[in-house]
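Asks: Residue-level listing of the chains:
Number of protein chains: 2
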Amino acid sequence: MSRRGCAQVCNAVHLDFNTKVFEKEHVKFANTEEYIVRGGRDKFPKLQQAFSGIKTIGVLGWGSQAPAQAQNLRESIADAGLDITVSIGLRKDSPSWAEAEATGFSEEKGTLGEVLDVVSKSDMVILLISDAAQAKLYPRVLAAMKPGATLGLSHGFLLGVMRNDGVDFRKDINVVLGMGPSVRRLYEQGKSVNGAGINCSFAIHQDYTGTAADIAIGWAIAVGAPFAFPTTLESEYKSDIYGERCILLGAVHGMVEALFRRYTRQVTAGMGKDEGMSDEEAFVQSVESITGPISKTISTQGMVAVYNMLDEAGKKVFQEAYSASFKPAMDICLEIYEDVASGNEIRSVVQAGARFDRFPMGKIDSTYMWKVGSSVRAARVEDNIPLNPFTAGVYIATMMATIEVLREKGHPYSEICNESIIEAVDSLNPYMHARGVAFMVDNCSYTARLGSRKWAPRFDYILEQQAFTAIDSKAAVQQESISKFLQV
Amino acid sequence: MSRRGCAQVCNAVHLDFNTKVFEKEHVKFANTEEYIVRGGRDKFPKLQQAFSGIKTIGVLGWGSQAPAQAQNLRESIADAGLDITVSIGLRKDSPSWAEAEATGFSEEKGTLGEVLDVVSKSDMVILLISDAAQAKLYPRVLAAMKPGATLGLSHGFLLGVMRNDGVDFRKDINVVLGMGPSVRRLYEQGKSVNGAGINCSFAIHQDYTGTAADIAIGWAIAVGAPFAFPTTLESEYKSDIYGERCILLGAVHGMVEALFRRYTRQVTAGMGKDEGMSDEEAFVQSVESITGPISKTISTQGMVAVYNMLDEAGKKVFQEAYSASFKPAMDICLEIYEDVASGNEIRSVVQAGARFDRFPMGKIDSTYMWKVGSSVRAARVEDNIPLNPFTAGVYIATMMATIEVLREKGHPYSEICNESIIEAVDSLNPYMHARGVAFMVDNCSYTARLGSRKWAPRFDYILEQQAFTAIDSKAAVQQESISKFLQV
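Chains as they are written, first to last, in the numbering used here: chain A, 1 to 488; chain B, 1 to 488.
Hints were generated in silico from the structure; no laboratory data involved.
Each hint should be verified, as a subset may be incorrect.
Copies of the same chain look alike in the list, so a pair counts if it fits in one copy or across any two.
DMTMM-like mimics (lysine to aspartate or glutamate), calculated; alpha carbons at most 20 Å apart, straight line [stated by the list, open to error]:
#, residue 1, residue 2
1, Lys92, Asp172
2, Lys55, Asp93
3, Lys24, Glu234
4, Lys109, Glu75
5, Lys136, Glu108
6, Lys24, Glu114
7, Lys296, Glu480
8, Lys409, Asp357
9, Lys363, Asp472
10, Lys371, Asp117
11, Lys363, Glu312
12, Lys371, Asp472
13, Lys316, Glu107
14, Lys136, Glu338
15, Lys146, Asp442
16, Lys24, Glu480
17, Lys409, Glu33
18, Lys363, Glu108
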């Protein structure tokens with residue numbers, strides 16, 4: 001499991017939380033320890049106590065997560081025999097209104113209503129509207145909440161927005177984080193999204209009632225998370241927004257553009273471009289290799305296993321590629337982290353949202369390379385996809401760079417693994433393997449798409465300008481960097 | 001002259017200023033009017049009155065502008081028969097100390113000293129240290145200034161930094177802007193930099209003594225500016241930082257990378273890549289065409305002349321390229337402007353400066369394309385460089401997009417022309433023509449280099465993803481956009 005690979009990488013912060021209802025498990029890996037909570041249907045009987053005082057849960061929105069969360073919650077609550085109403089809040093003219101009705105929510109039953117009406121009647125408000133809508137609507141949503149109610153966020157983005165605006169949450173509510181970004185990130189229409197099976201981060205940002213931790217964990221269990229890991233709202237939004245700009249989305253896109261170009265030209269050995277690979281072969285050796293065998297190997301056996309599978313010549317190529325790529329990739333990763341932490345990145349996302357009417361975000365999936373990809377995927381024989389050692393070196397160096405910045409910045413272990421490895425190899429890369437990297441980008445949330453469009457080309461350029469030029473000029477392999485990787 | 005091309009493009013704000021010494025000229029172009037001041041040696045007799053009360057001018061730094069400015073000032077003051085000392089302020093251990101001595105400044109004569117000593121003795125302090133040093137040192141420099149002294153800035157960057165820091169200039173000094181960014185941007189070592197002949201923007205940000213305008217204009221005239229145009233510190237730093245990220249540097253770099261790739265592959269007509277141009281030919285049709293005939297034509301006859309030189313087939317290609325590129329280019333231009341205006345861009349530059357020790361900024365001039373460029377330039381026959389209509393359409397669309405954003409944001413006419421057209425075709429592009437675009441980027445100020453590295457790849461990607469795909473899918477030419485351009 002990829003978690004194994006994480007163990008020695010991360011130097012996690014210690015996060016504790018105060019639950020009266022659930023059991024904490026103390027998990028120790030190498031130099032790091034954490035408390036986690038195990039979910040599962042057998043914990044449903046505890047939901048009554050966890051949700052004590054909650055009569056109505058308002059779920060706002062009907063986008064990527066809301067349909068799954070609302071239905072999972074409704075069923076879990078029914079199975080647990082609780083008298084809690086799950087109610088959907090939408091704009092009256094929302095095209096989702098009919099969809100929510102089709103899944104059994106209705107005005108007549110009091111389970112579907114106008115956003116602020118639902119907010120004002122709910123003891124827990126789960127905010128699942130888009131980032132752009134959150135940035136615009138939060139003052140009204142917060143103002144409409146009951147004192148003592150719990151605001152449930154699906155990620156920490158809103159905290160970043162409010163920091164930029166210089167405002168705080170009102171003090172007489174609980175503010176908790178539940179669910180991770182995985183579900184949120186994947187919302188291609190028609191894809192069956194189900195909370196079950198997705199591990200979940202949770203955080204207690206404000207505990208006005210003294211029961212916020214149990215509400216947050218209860219929420220995670222009720223939507224079906226098998227494990228729940230503690231974090232903070234701040235740590236979550238930083239690592240979330242950062243991760244999707246790095247190895248999860250932005251970096252992998254930029255990297256394959258650079259690799260594809262390199263392989264078609266292949267000047268490495270001083271050859272003319274006619275001696276480069278065909279476009280199809282270049283696509284296989286770059287994109288297919290990453291989303292196929294490299295990801296699968298990391299997922300099941302860890303990063304070092306990829307290296308160990310190579311023959312001696314392959315190991316040499318991997319080392320050269322890894323050694324030359326790690327520092328340039330980390331240069332961009334660190335810039336991204338600091339742009340996220342300083343509020344720049346969220347400010348840019350909010351500003352971009354305001355330009356969409358005039359400059360709608362275009363698709364990126366129509367360029368020549370992705371047309372090649374489409375025909376390559378159509379003709380794919382899975383077992384024939386090679387594990388390209390150069391591609392592996394660049395990819396794993398960038399993954400390690402993504403990890404290293406989060407580690408330096410003190411993020412919790414489970415969060416680092418999730419935002420750098422697990423979500424990549426177990427969630428996004430398999431999706432990219434099916435539909436292509438550019439298609440994945442085009443079908444993410446605005447925040448992720450904007451981030452990927454902004455940073456992919458930066459990774460592309462720095463790899464070509466710094467890493468590939470170093471390799472082609474036969475720069476010495478930095479043994480320290482390789483040794484550090486092999487000790488992971 | 002390219003100014004002619006500007007006239008109908010710009011909708012300038014009206015800026016007036018209060019000079020008791022110099023003559024204002026009222027300039028009217030089409031829908032816009034402005035006051036300017038004409039410089040020249042015949043105005044030297046007025047310097048005595050303009051610099052009334054100034055006994056010492058301290059010039060801080062010895063980088064791109066300081067040697068030229070300090071020497072021009074010293075000579076102009078001597079020619080005007082004034083008793084004003086020009087003194088250089090440097091760190092005692094600065095490697096520039098000896099260079100300043102070699103041009104006749106010395107401790108003995110009281111014309112060379114430690115930075116803060118020089119500040120505390122000067123009636124006018126001209127701040128010509130690097131942006132990074134300004135961001136770090138400004139609190140100490142401001143604190144050391146005499147009450148009633150004049151702070152002369154070479155551009156508005158410091159205002160952006162201080163806004164991000166939430167602080168203002170102390171109220172008992174004058175704050176003026178003199179000189180434009182042109183000289184500052186060009187500082188490749190060994191290049192003879194001389195203020196003479198460079199038009200100059202000036203601004204009066206704080207007028208404590210009531211004589212700030214005359215000091216600012218006097219400064220411009222004393223360093224040899226033939227014309228001085230009024231702006232504001234805010235307008236100047238926004239347009240300056242914006243312009244170098246757009247058509248002046250970032251956009252032109254990203255654009256030629258995208259064009260070079262396109263021409264070598266040339267899938268336009270559904271051809272395989274073997275039917276694309278040779279690398280050398282692709283470089284000529286992209287980079288050489290822009291920095292050569294396209295720039296020269298715009299400089300001498302304006303943008304529309306480029307179009308008018310084309311035959312009917314060429315005009316059609318130009319229209320397709322222009323029409324498809326204008327909106328994607330403007331999308332990025334507007335994003336850049338808003339990132340500059342919100343403080344994001346300056347914050348990023350300051351953050352990057354703090355990472356340089358660990359991640360020094362690498363050169364970008366070593367990639368395959370720029371090696372091709374080097375051999376193309378070596379074999380160049382100037383008269384054989386073609387005016388490629390596709391390249392011209394993309395380039396001029398991006399120039400127009402750069403202009404349009406500044407126009408919408410209300411910048412003064414002369415500033416728009418300078419930051420979008422004049423500096424490009426009369427200053428930077430000729431330099432790029434001699435040494436290459438990437439080399440130019442590598443030899444600019446940190447602020448410009450960082451900006452170009454950040455935004456060039458964004459222009460590259462959006463042109464390939466949005467503009468070229470639209471052209472290849474035979475999207476209709478947007479006649480409105482073409483008509484608007486032809487009316488310039």
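Asks: Up to 20 Å between alpha-carbons, please classify Lys296 paired with Glu480: within, between, both or neither.
Replies: Answer is neither: 27 Å inside a copy and 51 Å across each miss the 20 Å cutoff.
Asks: State whether the alpha carbon distance between Lys92 and Asp172 is at most 20 Å within one copy, between copies, both, or neither.
Replies: neither (29 Å within a copy, 58 Å between copies)
Asks: Up to 20 Å between alpha-carbons, please classify Lys409 paired with Glu33: within, between, both or neither.
Replies: Answer is within; shortest intra-copy Cα gap is 17 Å, inter-copy 53 Å.
Asks: With 20 Å as the alpha-carbon cut-off, assign the pair Lys24 and Glu114 to within, between, both or neither.
Replies: Cα proximity of Lys24 and Glu114: none, with 38 Å in one copy and 62 Å across.
Asks: Can you give me the call for Lys371 and Asp472, within, between, both or neither, at a CA distance of at most 20 Å?
Replies: The answer is between: 13 Å across copies meets 20 Å, while 29 Å in one copy does not.
Asks: 20 Å Cα cut-off: does Lys363 pair with Glu312 within a copy, between copies, both or neither?
Replies: Cα proximity of Lys363 and Glu312: none, with 41 Å in one copy and 32 Å across.
Asks: Using 20 Å as the alpha-carbon threshold, which applies to Lys136 and Glu108: within, between, both, or neither?
Replies: neither (29 Å within a copy, 63 Å between copies)
Asks: At most 20 Å between alpha carbons: which applies to Lys136 and Glu338, within, between, both or neither?
Replies: Intra 24 Å, inter 18 Å, cutoff 20 Å: inter-copy only.
Asks: Is it within, between, both or neither when you check Lys109 against Glu75 at 20 Å Cα-Cα?
Replies: within (16 Å within a copy, 88 Å between copies)
Asks: At most 20 Å between alpha carbons: which applies to Lys316 and Glu107, within, between, both or neither?
Replies: Neither: 65 Å inside a copy, 58 Å across copies.
Asks: Up to 20 Å between alpha-carbons, please classify Lys55 paired with Asp93: within, between, both or neither.
Replies: For Lys55 and Asp93, neither the intra-copy (27 Å) nor the inter-copy (72 Å) Cα distance is at most 20 Å.
Asks: Evaluate Lys371 and Asp117 at a C-alpha cut-off of 20 Å and name the case that applies: within, between, both or neither.
Replies: For Lys371 and Asp117, the Cα distance exceeds 20 Å both inside one copy (47 Å) and across copies (65 Å).
Going through the hint list in order, the structure does not satisfy hints 1, 2, 3, 5, 6, 7, 10, 11, 13, 15, 16 and 18.
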